[in-house]
Amino acid sequence: MFQKKKIEVVVEAVYLNRVIDAAVKAGAKGYSVIPHLTGNGQHGVRQGRGLSGAFENAMFISIVDKAIADDVVKNIHAAIGEAIGILYMSDVDVIRSEHF
Amino acid sequence: MFQKKKIEVVVEAVYLNRVIDAAVKAGAKGYSVIPHLTGNGQHGVRQGRGLSGAFENAMFISIVDKAIADDVVKNIHAAIGEAIGILYMSDVDVIRSEHF
Amino acid sequence: MFQKKKIEVVVEAVYLNRVIDAAVKAGAKGYSVIPHLTGNGQHGVRQGRGLSGAFENAMFISIVDKAIADDVVKNIHAAIGEAIGILYMSDVDVIRSEHF
Amino acid sequence: MIDVLSAASSNFLSPTILAFVLGALAGFFRSDLEVPEAITKGLSIYLMLAIGMKGGASLATSGVGLDVLPGLVAAIVLSFFIPLVAYGLLKFATRLSTVDAAAVSAHYGSVSIVTFVTATQFLTDIDVPYEAHVIAMVALMETPAIITGLMLARRGVASRAKGSLFTPDMVREIFFNGSIVLLLGGFAIGWATGPDGMKSVSPFFIDPFQGVLCLFLLDMGLVAAHRLRAAQSLTLGVVAFGLYMPLIGAVFGAAAGLLVGLSVGGTILLTVLCASASYIAVPAAMRLALPKADPGIYIPLSLGVTFPFNVLIGIPLYAACIDAIVN
Amino acid sequence: MIDVLSAASSNFLSPTILAFVLGALAGFFRSDLEVPEAITKGLSIYLMLAIGMKGGASLATSGVGLDVLPGLVAAIVLSFFIPLVAYGLLKFATRLSTVDAAAVSAHYGSVSIVTFVTATQFLTDIDVPYEAHVIAMVALMETPAIITGLMLARRGVASRAKGSLFTPDMVREIFFNGSIVLLLGGFAIGWATGPDGMKSVSPFFIDPFQGVLCLFLLDMGLVAAHRLRAAQSLTLGVVAFGLYMPLIGAVFGAAAGLLVGLSVGGTILLTVLCASASYIAVPAAMRLALPKADPGIYIPLSLGVTFPFNVLIGIPLYAACIDAIVN
Amino acid sequence: MIDVLSAASSNFLSPTILAFVLGALAGFFRSDLEVPEAITKGLSIYLMLAIGMKGGASLATSGVGLDVLPGLVAAIVLSFFIPLVAYGLLKFATRLSTVDAAAVSAHYGSVSIVTFVTATQFLTDIDVPYEAHVIAMVALMETPAIITGLMLARRGVASRAKGSLFTPDMVREIFFNGSIVLLLGGFAIGWATGPDGMKSVSPFFIDPFQGVLCLFLLDMGLVAAHRLRAAQSLTLGVVAFGLYMPLIGAVFGAAAGLLVGLSVGGTILLTVLCASASYIAVPAAMRLALPKADPGIYIPLSLGVTFPFNVLIGIPLYAACIDAIVN
Ligand SMILES: Nc1ncnc2c1ncn2[C@@H]1O[C@H](COP(=O)(O)O)[C@@H](O)[C@H]1O
Ligand SMILES: Nc1ncnc2c1ncn2[C@@H]1O[C@H](COP(=O)(O)O)[C@@H](O)[C@H]1O
Ligand SMILES: Nc1ncnc2c1ncn2[C@@H]1O[C@H](COP(=O)(O)O)[C@@H](O)[C@H]1O
Ligand code: NA
Ligand code: NA
Ligand code: NA
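Residue numbers (the working numbering), protein chains in the order written: chain A, 16 to 115; chain B, 16 to 115; chain C, 16 to 115; chain D, 24 to 350; chain E, 24 to 350; chain F, 24 to 350.
Please note: incorrect hints may appear among the correct ones.
[To be verified] Here are the simulated DSSO-like pairs of lysine-lysine, each with C-alpha atoms no more than 27 Å apart in a straight line:
# : chain 1 : residue 1 : chain 2 : residue 2
1 : C       : Lys-40    : C       : Lys-21
2 : B       : Lys-21    : A       : Lys-81
3 : B       : Lys-44    : C       : Lys-21
Derived from the structure by calculation, the hints contain no laboratory data.
When you get a sec, could you build the whole thing from the sequences and use the hints?
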């Protein structure tokens, strides 16, 4: 098995495309998205009611090579800017190293 | 990057509010929820059909400081009681330490 | 707390049942499923539109004992075959060891 | 006069019942047919609001007097009382634990709104009128059984472990749950606007009603079959209970209906309410209040056994019997 | 002549408004009643497409001439202009930051389609006709206010930090957002097929319309109540703004409507548009363009304060006043 | 007699087709308009159940004899046979691998139910009747093509690697998939209850049918445009196949229809079935059975190329040609 980094971002749904672009530009070869998440944090309860998507969260998940992990994180962080969201990273093992 | 703990709980949907309360009371500053999950375990297949929510699972995710992680776990464990669910914890790295 | 392994699989939705069977046969005592995920990778954008489920992803999550983790991974890997999907594994801590 | 055979056959040949059978067959043969959960919930909101409105508008026409009180009281009493009977039978005839028996019994004191709606459709089809305030009874019967169930469950618990019977979220779950809000709220709207106000919304809430019910029962058939397939904790004794308990409940309901002077139609509906078992509100309350009770028992029993029994056989049977008694 | 009291009471007793009240009460008492989001979105697609089609078909009958132009121009001008007034009031009367005030003001220049739809239903109920092209105004008014809002927000930013006003995804969000596509697209379909073509789809798009609106407003009541409950950033001054700003917008709308020669019905609708505040398109645009602006202010204000005010009180009030002025 | 131009123009001006165009335009300009997936699935359940019921009820009126058999057999044979033609053409005219060509060909032997429903609507609009049992043909044609496709795919596989053709979940997917259950189930319900029974549900299943189709085609337009935008594996030769293959299928369908003695309307529908390509049942079966086949080819081709072609041009074209031949 090969060690990779998993980067997870919970972000307001309208910013999802920016996060994706940022990750791909920094070299992420793939990603998964959980489209609807509710949450709570400094900005209060976020529950996607009211039709606008302005209260919806989404989760972005990408497994990336250790070599580019920091770049991806930095890029996403810049893309989020002042949007509502959090980012965290952890270690994962994969079988097919070349896939990520 | 700063090391934090990620606590994840898969629990029957009707207990979600109790889990949230327990985590917040123990000091969790934020959390995310994946509202619909199916699953299987000692209590058999759980797939949210039948309108009652009694067969629905939800996933609760909270990144917390290491210092309070054990308290949060203990509190959630007590809140779940005999409800159907599991809890696990892992290490994550975050950029903004003060957020969690 | 006891160390266990968390195995996560993102796979096209029509293969979910095969992944589940493979994991259970290798000894997994339980699992959770996030039924709808969008994603992108070598096979292009996957977003579950068009009614057929052929463009839908699902996420399979199972916490298993370290002793069987490799077996479960191998079994799932064989079940996926040439289907579209990824698999990764990480460390988690649990309270009730006997549950997994 | 209602002929039991012709009633049953007209019931079996109605599109709604056939749709239920279709769904059950599809579920039984493990078809991948699946009604999205959002649609199911949307349809059930529609049905409850529509049936409430219909009742309210009809009450606005017929007027309301003190004469409805005995019926409403009877409904509450039955909901409190039937779980006692159910619990006794379960402890006598099955090996369910105290807490499981108590949980199951709460379901049988409460009601299944979809069974009720199907019964109103049956009465409409065979041109039997019923009192508007029966719809208020549905709302009144949902909750009391839960209280009886919880008190029965306490018999199995050491007295010092007995906390307060109701937590705040349970109280909310019981009194402000969606079904009650929609039924009573729809009732109030229908009553306030009257039949004239209803006219403007009847192309949505009245005319397509039976078709919507059809689609909903298709899904109920699927769900009932799935639940039954997945049920592993159901013993033969428990399944039998799911078949004879409706009959016993029906007897109480019919007696009470005749006693408080309901019409034939109203008595049939009260009978159906007593014969039916909840699978929405009560399960949720039981998970919160009695986590030890196994949902793998009470849900398949109520949804997979009693619901199909009532919809397919019970409703025409109760109707024919009550009609035979009265005429 | 429209009598303000009888108009208000007929408004209050319509099933749609009562459904809104029911939803709001359920949300207020924290009922677990919840309309699945997919249903809400489905209903809103239906309503926008249907109202567009209706307008288009009616335009195909009445024909269209250059005389509609002043109305359309007035709509665009009002949407650009009203945020300036709103911003001035907010900076004067509240302590909102520049960026928050700018974001809020954009909402009030834009429109709430559901409020508009409710108003058309109100006019239909009291038999007041209106011009078909008013529906095109709705689409035209959605966007300009966003531009004004963004320009106001720049006042608070050092000039070197000013990037381009619009990113590609914002432009798409503004010009091709779902509401505009549905309204104008439905309008075009209705116009192209004419009343004859509409006949084939009217059992779906026309007849059940008011019933669907009823269900939708039930949900809006729930959402409005939830948003209001969760609102912690709303000060008294801001809430007051949510109540008097519609009146000010209404004055501009009424004046413009009479000026460009709209009928009483058309003027009432333009007034309602000016009085209403967006809670779908504008919030999404604001999150992208002004992430610093607090959605905890503009969403509860527009959805929890102004929307209920307009639906319950505003619509009949504006109608009665305009009618009094004209007659 | 059907005039090809007036047929095409009446097709283009029907609200359903215009809604499809609207959706396609919205998707093409990347509007954020999106119909929630639950709604799409709900609408498709409705359409399939309704069309089945309609056919069954009409069969109950017209009666059924052995004379329907040739038509049913022809349908099955066509579904088995057309993939052979498609496969030959693909291997000849494109560079698709064996497995990709086999997968694509299976789609063209099977059918698109929505195209079929649109065609029935077209016939209703121009007052051309058709045989009730055509609806059974739809269900019969879904599956055989899958078998041919899988056998063709085996040509590319070393013989020792050939496992059993069908796994249990594939068999279920093929024979009990949702569409078949709904079409045949609806058919049985309609037939059992007859036109009288249908009356009670017609305000839901019949009257709003065309309006629902309208909304559904709006979504299909969106989906088709999205799929086409995302398609990167489609070469020019493959796209061309998506345009001429329907015509070839149509020729077989028309010939078979006339041969087995279907009416003009029935022949048009069989022609449309042969011309159409599956994008629901077959893709799912192909993912399970032929994971190596690229879904990025067969789904955009069937959904983004052939479906719009048939809906916009094919249906009126086939109708006019068949009418010209017969009259
Ligand atoms: N500690 C946390 N653990 C998990 N998710 C969080 C946490 N804090 C915030 N979130 C998520 O991130 C979103 C934005 O956070 P915030 O900016 O703190 O309001 C919230 O709505 C949650 O979904
Ligand atoms: N080993 C496991 N891995 C992942 N999820 C699990 C596991 N065991 C149980 N779960 C989840 O937790 C729920 C309750 O588990 P149980 O109490 O074992 O029935 C299940 O429905 C699953 O969603
Ligand atoms: N690096 C990655 N990180 C997270 N998810 C991924 C990654 N690569 C692929 N996926 C997911 O796995 C699915 C199949 O991947 P692929 O086979 O590369 O197209 C994608 O649609 C994504 O949902
Ligand atoms: Na009962
Ligand atoms: Na406005
Ligand atoms: Na075909």
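* To do: Could you check the structure against the hints above and give me the numbers of any it violates, in ascending order?
  => none
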